[in-house]
Amino acid sequence: MAGPVTEFVIGWSVVQTLGEGAFGEVKLLINQDTGEAVAMKTVDLIKHKDAANAVRKEMCLHRMLKNPHIIKFYGSRRENSMQYMFLEYAAGGELFDRIEPDIGMPPLHAQKYFQELISGVEYLHVRGVAHRDIKPENLLLDENDRLKITDFGMATLFRHQGKERELDRQCGTKPYMAPEVLLRPYSAEPADIWSCGVVLVALLAGELPWDEPTFSCPEYTSWKDKDCRLFTTTPWTKIDNLALSLLRKVLNTVPRHRATISQVKNHQWFTKNFQKNSGFVQNVCTESMTPRKRVCSELERANTAFSLEDIAHRLAYSQPETPTPSVINTAVCGDNMDLRVVSFSQPAQPENLLLSQLTQGTQASQTPLQRLVKRMTRILVRTTLEDTLTHLEALFNKMHYTYRYHTAHVMTVTTLDRRGAQLVLKASVLDMGQNILVDFRLSKGCGLDFKRHFLRIKEGLSHIIVKGPVTWNMAMATNMLPA
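All residue numbers for the sequence shown refer to the working numbering, where the first residue is 7 and numbers rise by one.
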């Protein structure tokens, strides 16, 4: 994150790594003149020789999906061994960042996100597409807090021309996988619906119900056997009876008896009008709130130096310096392309561009509080940059983390989550002038456990965290509230 800004093609710079996957990375591309933002997924097909078919399949499926709750696929480009995919940038961050570990979130917010998830999954299933890896880490939020399903690396077509097939590939993330996926073969739709149910548990309770849906897992076995003692333990004690009645239907261990999308949408909890004056702070923008203005009108876009047509030319050409119309990827420049842009503040220092992810467009009508970000895993400290790194090293040693320097000021930190699986995070240290910003980002593993570890790290650094008031300019730059 704190590394140098590098130019990808003329006028577009790679300014930040947003995440890592099995085959590559997702990077943030920023237009130097207009502030437009695009997420770029990169895959090295030489380094990952077995990825070519999977990437081709992913692009084929993703480019045909157009729905408000699906991350947009703008196009692709191949250059030597590198495959690039250009995707909508979700400025609101990851869904798991909104989940308070071991607490969850207010039912009003959980219901909103679950409704949007079900809407997106319904769209996929109508088109015969199974996602097969639904989890909070693959659910992003746009600048209006609208949920967006992403990462179609495990997706597949289960219905074509009215003919449906059973699936036999065991894929997904074990805590979210339906039990039949481990047994195989399985039907696509019930398996995705099960995963949505586990996501709902995480939203409402801030924890997962089991490590895996197998007989070796006592929590799952108790659920399968309908053991009444189960409901005296977490997470179930944190979930009200109406939500539990929905979860019993969605997490039915027999696929043919599991709730369908239609049944989920008609359930009383799904349709209930939760009161907004529930005593919780409203930190989620509901659909009824005025959406943030687009950066420019359609006419203004046509007159900018980097119009939508130019984006197609600049990003999708194999040879961007000498483009010819015949090699434009049609997925980028089709009539249906609708590139929603994200405008950034214009910081005095180039590195501040990395931190201005959510200062959207023309926002004179918004209060500073409304303009603050949603990413909660950043802290400001009052030590020098060198001392901050020393404090981090000492804390990571104390917590028995393994760490290494990715760059001079970016550390890759490795530990284990609650299930004993590997958890990898990136700690980036950036000099903001008056204070030092420390940004933590999940690289691999469970988002809920990442949040748990972040809270422990934050507690371990409490003696150097900025306690006093933070100026609005600093808050805007760092996308955070005072600690």
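Just so you know, these hints were derived from the structure itself, not from any lab. Glycine included, C-beta positions come from ideal geometry on N, C-alpha and C. Be aware that one or more of the hints could be misleading.
Stated by the list, open to error - Only pairs whose alpha carbons sit at most 25 Å apart, straight line, appear in this in silico SDA-like list of lysine to any residue:
{"id": "1", "residue 1": "180", "residue 2": "150"}
{"id": "2", "residue 1": "473", "residue 2": "388"}
{"id": "3", "residue 1": "55", "residue 2": "213"}
Said to hold, decoys possible - Computed beta-carbon distance windows for the label pairs:
{"id": "4", "residue 1": "26", "residue 2": "393", "range": "38 to 46 Å"}
{"id": "5", "residue 1": "469", "residue 2": "87", "range": "29 to 37 Å"}
{"id": "6", "residue 1": "473", "residue 2": "268", "range": "22 to 30 Å"}
{"id": "7", "residue 1": "469", "residue 2": "439", "range": "34 to 42 Å"}
{"id": "8", "residue 1": "410", "residue 2": "262", "range": "43 to 51 Å"}
{"id": "9", "residue 1": "175", "residue 2": "222", "range": "36 to 44 Å"}
- Beta-carbon spacing of residue 26 to residue 393 - inside the hinted bounds 38 to 46 Å or not: violated (29 Å)
- Item | Hinted pair residue 55 and residue 213, Cα distance within 25 Å | With a Cα-Cα distance of about 36 Å, the restraint between residue 55 and residue 213 is violated, given a limit of 25 Å.
- Task: Hint says 29 to 37 Å; check whether the CB-CB distance for residue 469 and residue 87 agrees.
- Result: violated (47 Å)
- Quick one: are residue 175 and residue 222 within 36 to 44 Å, going by C-beta? violated (22 Å)
- Just tell me: holds or violated, for the beta carbon distance of residue 469 and residue 439 against 34 to 42 Å? violated (22 Å)
- Message: A range of 22 to 30 Å was offered for this pair. Does it hold for the Cβ distance of residue 473 and residue 268?
- Response: At 52 Å between Cβs, range violated.
- Hinted pair residue 473 and residue 388, Cα distance within 25 Å: Holds, at roughly 9 Å.
- Keeping to a limit of 25 Å between CA atoms, is the pair of residue 180 and residue 150 held or broken? violated (31 Å)
- Message: Tell me if the beta carbons of residue 410 and residue 262 are separated by a distance inside 43 to 51 Å.
- Response: holds (49 Å)
Violated hints, in rising order: 1, 3, 4, 5, 6, 7, 9; the structure is consistent with all others.
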